[in-house]
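Engineer: Residue strings, one per chain:
There are 2 protein chains.
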Amino acid sequence: MLGMFCVRVCSGLMGFRAAPRSLHSFPGITVAQIDEEVAKLLQLKAQIGGDDGKHQFVLKTAKGTRDYNPKQMAIRERVFSTIIGCFKRHGAETIDTPVFELKETLTGKYGEDSKLIYDLKDQGGELLSLRYDLTVPFARYLAMNKITNIKRYHIAKVYRRDNPAMTRGRYREFYQCDFDIAGQYDAMIPDAECLKIVHEILSELDLGDFRIKVNDRRILDGMFAVCGVPYDKFRTICSTVDKLDKMPWEDVRKEMVNEKGLSEEAADQIGEYVSLQGGMELAERLLQDQKMSLSKQACAGLSDIKLLFSYLQLFQATDKVVFDLSLARGLDYYTGIIYEAVLTQACVSTASTDAQNGAEESVSVGSVAGGGRYDGLVGMFDPKGRKVPCVGVSIGIERIFSIMEQKAEASAEKVRTTEVQVMVASAQKNLLEERLKLVSELWNAGIKAELMYKKNPKLLSQLQHCEESGIPLVAILGEQELKDGVVKLRVVASREEMRHGPNQERTHQIDVSKNWFWSF
Amino acid sequence: MLGMFCVRVCSGLMGFRAAPRSLHSFPGITVAQIDEEVAKLLQLKAQIGGDDGKHQFVLKTAKGTRDYNPKQMAIRERVFSTIIGCFKRHGAETIDTPVFELKETLTGKYGEDSKLIYDLKDQGGELLSLRYDLTVPFARYLAMNKITNIKRYHIAKVYRRDNPAMTRGRYREFYQCDFDIAGQYDAMIPDAECLKIVHEILSELDLGDFRIKVNDRRILDGMFAVCGVPYDKFRTICSTVDKLDKMPWEDVRKEMVNEKGLSEEAADQIGEYVSLQGGMELAERLLQDQKMSLSKQACAGLSDIKLLFSYLQLFQATDKVVFDLSLARGLDYYTGIIYEAVLTQACVSTASTDAQNGAEESVSVGSVAGGGRYDGLVGMFDPKGRKVPCVGVSIGIERIFSIMEQKAEASAEKVRTTEVQVMVASAQKNLLEERLKLVSELWNAGIKAELMYKKNPKLLSQLQHCEESGIPLVAILGEQELKDGVVKLRVVASREEMRHGPNQERTHQIDVSKNWFWSF
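The listed protein sequences derive, respectively, from chains A and B.
If you read the first sequence in my numbering, its first letter stands for residue 1, the second for the next number, and so on.
If you read the second sequence in my numbering, its first letter stands for residue 1, the second for the next number, and so on.
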């Protein structure tokens, strides 16, 4: 019955409006029913598009993602070049892996967070998921190619169906910048280099003061053991400890006792330890600690922390590194040392612009790098379970982008989005061919140049374009210059001008050689 | 009943093998049935994993995708740097867009090829698809941000569920390098710059001789009209013409007449036109052509081809450009000029290594760049249908990678995968601390340096590492050098050595300054 209405009402919509009377002749149908059907169809029509039949697109990017405009790209390139420069200085190679992996490659690696993985639709063939981080694909790559040692960096986007908080730099599509050292080496040497790298990058990026907190999974586990935490509660208590950077101790203790069912004595003992911060001397003290020294694991971790600090001294990096027993990173696959870098200056406020998350305004800028040792992950992929020890660090680049963007907004300095050195312009009409010839000569000489794509652009609009996009030089062609076989060059900032040609005496001291162009 | 067997047989597998006799006491079950059940369970076990209960991963990347190893990355970086260098020389900005778009953004843009789009699984929320090219996201970006003119490049991966032919550089995940100029400008000026860019890039990459074929959608449509092709057959006849680079004219004619139902006369008239190739003079001749000149569209296209060639002459790029009436690119959105670059030398054979595609060995290397003018695409996204004229080019980078990789394989030149300038080594034991201190000093001075992560590496293995990875210099520490406060520097290739320190007379002419390090 609805089908018949559809035909009628649709034809009505197309202009052949049938008299209501004719509908009345259908038995058992009220006008109200007709109205309802019409409303449904109009709604359907609205969904399909406007009256002109044109489909109305929702003009947006997917939730939690963003485009980068040229200015953001310029900042992104600057940050990447600092980071890649550091990775290369430390002799790293680079690899790349596909954006999606077989679904089962990611299965069982992320614990609870697995629900945040993006799956691809089953369109026949393999079941695929977008990568969640770069560490698991790296481990898969090592096992697949039977590589037992490599020092590599990998910069690429990863995907998490998380709750986005974009103004604070939390996206569903975001970059990771990973540096990892895989191989069977002597203790703490590659680990120390990872920390040195974080130190170098954060210093170079000039984001304000920072601290690198260091701890060790074995110290945490040993501490839990000697404090009387039952073995099966290690991981869940560990994740409560992990909240100490966001919650006061009282609340953390409450969660341990009330939610996780830990005894009050155990919680209080943990409380004493996790309040400790220091350097090599703290590791030494804890090695003498009556309780802590009962755990072999803890002692192994503490000795390595000592060794680590001795290497960091040689690297002149101890000023920023602090041994912090409250650090307990979330990921399950860490087996030894763990670390996290935080910016300690309340940075121009990444949080306060985030209207929806006003409550978090007081939270510190948070972690901008993190990592640790994961000696078991590659073995999970190897058919024979052969282990490849690994240690690595991931730079939290989106947060750094956010800060750099805000710094750029705040500063007077204009971010250039092109590198054009010279604009080829004309002062009179009908000089397009001459402009095309000159710009081509400049391109062929490797000089970054452009011209306006108009036959007869106004000189003023050509000069304005230079000012807007920061082009330092204009080559101006005019009848007189062509007659004299010269080009008039103008420095945009100073308006200084000179004529330049084969037989031309220089009227200024500007040395117009190729090198001179390069200096702009 | 199977359940009971499971328990028994499983416990058997775990070592508590029950005597077969006890099973015989179950009524109505034969030994054969038991054997069958055992076989099923063993199969199940094999699927789950080996005896240790470990899951066996399928260690592979998704179909049609690949990892890039460090050597491939080094080649990739070299190619990208040439291409980006050219784009920047022409004053392009860059943007980035997310890897996935709302599904409806891609709908209706790719015609038949839409079936090749990767969809994401519906996990609640928006319906998403992986981008199929960079052009549609670019058009969406322009419409969304109301940008009416921009010159931008975008280098990123795109995704097509196509039949992969990986040794020939055809993947399901592959890079596109796009350069586009959007804006209302005077005819053929930006179009000519796109061709100049293809010319520059292919020349610089040094892939052998090439041709850039040029045609215009309006000339094709005009030609079809004057040859008597019915309007509704334009697109389908156009896609048959597109096959002329892979099929002889006889077969193309057959397809037109037999499959597409075109009259023989029309086909023969088309045959005469599509055999034509030339330069500006061909465009002039066709403007005088009795039949062709009947089409206003064709005349507009031909005049623009003339104009294009005049600009290309000023760009000194006509040597490689040919006006070819058989060029008819597939995509629907082109509205004006179209072009495609092909390598004309039978390049070391991208095909012959492809065992599965032996039949295609004789096919030429094929298209390495293509593009054209698409004045209507942005308007498809704009709520008011406002048009932004665009012209662009896409460099087919995967094919170029394949060729470069094969060239690298064939040549004696070793591809370095790191940029390390100096290896910090020791000749005796117990010098780890001194090595760490020196390498840190080098890093701090911006010099690319590394050391082996062993307490006491052998000098030989340190030197071998240098030879293998092409590190040009070794700084060798020994007791005597430490006593003298110097470092011994050795040039790996020549074995030339010198001692370098504050109070040290130079024994060689090597000038060990920071600049000297940079020169390696």
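Simulated from the structure, these hints should not be mistaken for lab results.
Do not take every clue at face value.
Copies of the same chain are indistinguishable here, so a pair counts whether it falls within one copy or spans any two.
Calculated lysine to aspartate or glutamate pairs in the EDC-like style (CA-CA distance at most 20 Å, straight line) [said to hold, decoys possible]:
1. LYS121 to GLU104
2. LYS407 to GLU434
3. LYS437 to ASP319
4. LYS296 to GLU284
5. LYS306 to GLU433
Engineer: Each hint: holds or not?
Structural biologist: Going down the list of hints, with the structure as the test:
{"no.": "1", "hint": "LYS121 to GLU104", "in the structure": "both (15 Å within a copy, 16 Å between copies)"}
{"no.": "2", "hint": "LYS407 to GLU434", "in the structure": "neither (42 Å within a copy, 40 Å between copies)"}
{"no.": "3", "hint": "LYS437 to ASP319", "in the structure": "between (58 Å within a copy, 16 Å between copies)"}
{"no.": "4", "hint": "LYS296 to GLU284", "in the structure": "within (15 Å within a copy, 89 Å between copies)"}
{"no.": "5", "hint": "LYS306 to GLU433", "in the structure": "between (72 Å within a copy, 14 Å between copies)"}
Violated hint: 2 only; the structure is consistent with all others.
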